[in-house]
Amino acid sequence: MFGLQNPKTFFNFSDQNIFWLKVIFFLTAIVGLVFSLFISPKDYLQQDAVRIMYVHVPASWISLFIFAVISFSSFLSLIFKIRVFSVYAKSLAPIGLVFAFISLSTGSLWGYPTWGTFWTWDARLTSMLILFFTYVLYVVLWRWIKNYFLAEKITNIVGIIGFINLPIIRYSVDWWNTLHQPSSITINSAPTIHTSMLFPLLVMFFSFCILSLLIFLMRYKYEIISFRNSRYDHRNF
Amino acid sequence: MIIEIFKANFVWFFIITSYLITFFSLFVLYVRSAEKLSAITQLEISKDREIKRFSSASSQEI
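Which chain is which? The protein sequence lines are R and V, in order.
The opening residue of the first sequence carries number 46 in this note's numbering; numbering runs sequentially from there.
The opening residue of the second sequence carries number 21 in this note's numbering; numbering runs sequentially from there.
The set of hints was computed from the structure by calculation and includes no laboratory data.
Worth double-checking, as some hints may not be accurate.
[Said to hold, decoys possible] Pairs of lysine-lysine, DSS-like flavour, derived with a Cα cap of 25 Å:
(1) Lys-56/V <-> Lys-53/R
(2) Lys-56/V <-> Lys-67/V
(3) Lys-67/V <-> Lys-198/R
(4) Lys-53/R <-> Lys-67/V
(5) Lys-198/R <-> Lys-126/R
(6) Lys-53/R <-> Lys-126/R
(7) Lys-67/R <-> Lys-67/V
(8) Lys-72/V <-> Lys-191/R
(9) Lys-191/R <-> Lys-126/R
(10) Lys-67/R <-> Lys-53/R
(11) Lys-72/V <-> Lys-198/R
[Stated by the list, open to error] Label-pair restraints from in silico Cβ distances:
(12) Lys-67/R <-> Lys-72/V: 18 to 26 Å
(13) Asn-274/R <-> Trp-32/V: 45 to 53 Å
(14) Phe-208/R <-> Ser-66/V: 39 to 47 Å
[Said to hold, decoys possible] Covered stretches of chain R, going by a simulated chain V footprint (3 or more residues, C-beta under 8 Å):
(15) 92-100
(16) 130-143
(17) 154-161
This one's a predicted model, so the numbers in the text were calculated from it and none came from an experiment.
Every residue gets a Cβ at the ideal spot worked out from N, C-alpha and C, and that includes glycine.
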């Protein structure tokens, strides 16, 4: 499938581009931070508290996107028995877990000055918490189950079942009456936030995407090498 | 006095904490991933060296 199952393609890509990815990340992170903390305007209602949005929203988007990729990879791995897809999923899971944690913690810190509470059992918050626990389960299963094939099968099933939660998170604000505000940016319609706020949001999102790619390349290389070692040295797969 | 400063900058306390949590978590993830990769790469290199040493030693013996 487009040469994706060949780890050599990834190794070459990471060896050639890892330095430039670091440079792009640092530059975009600095621009993003300056704009989100100092240049972007205050919200007329939330005042400065709106600045938390620039880390909260990109983290939520990335954690959702990564889980969608994990689900798709798990499906391909389970149905077509293409092992490399489960390695993608395994390498991506800790990144998604950290972004889900960031989304929940920053959301909670944003909630206090705007809603007056750190937490409420609202549909969006609860479904996001379920996603976080799904990530935890996924990562923990890989660690706990020593038999590689069994761990692969079970985590693939978790990845596929966990996909059910993604549309629930996305549409929870439309389906139920929630304290969480509806989406300001959707694929189908024009964004409802001003460009002065949209720009830092997209820069931070891009910056986090680059960092995710950077970490993914490192973890993927690690997983491939450790898989190869275990396969040829210990025969415990 | 500290309480007054906190009250005056109450929102900024939450903003800074959010950014610190975000960048610290990502930094820890990055460092752990880099450490894992570096450890396994070092192991690979030392393994290669061992194999080379072993093969050259056995060829000399032969």
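Next on the checklist: Tell me the hint numbers this structure goes against, listed in increasing order.
Outcome noted: 3, 7, 8, 11, 12
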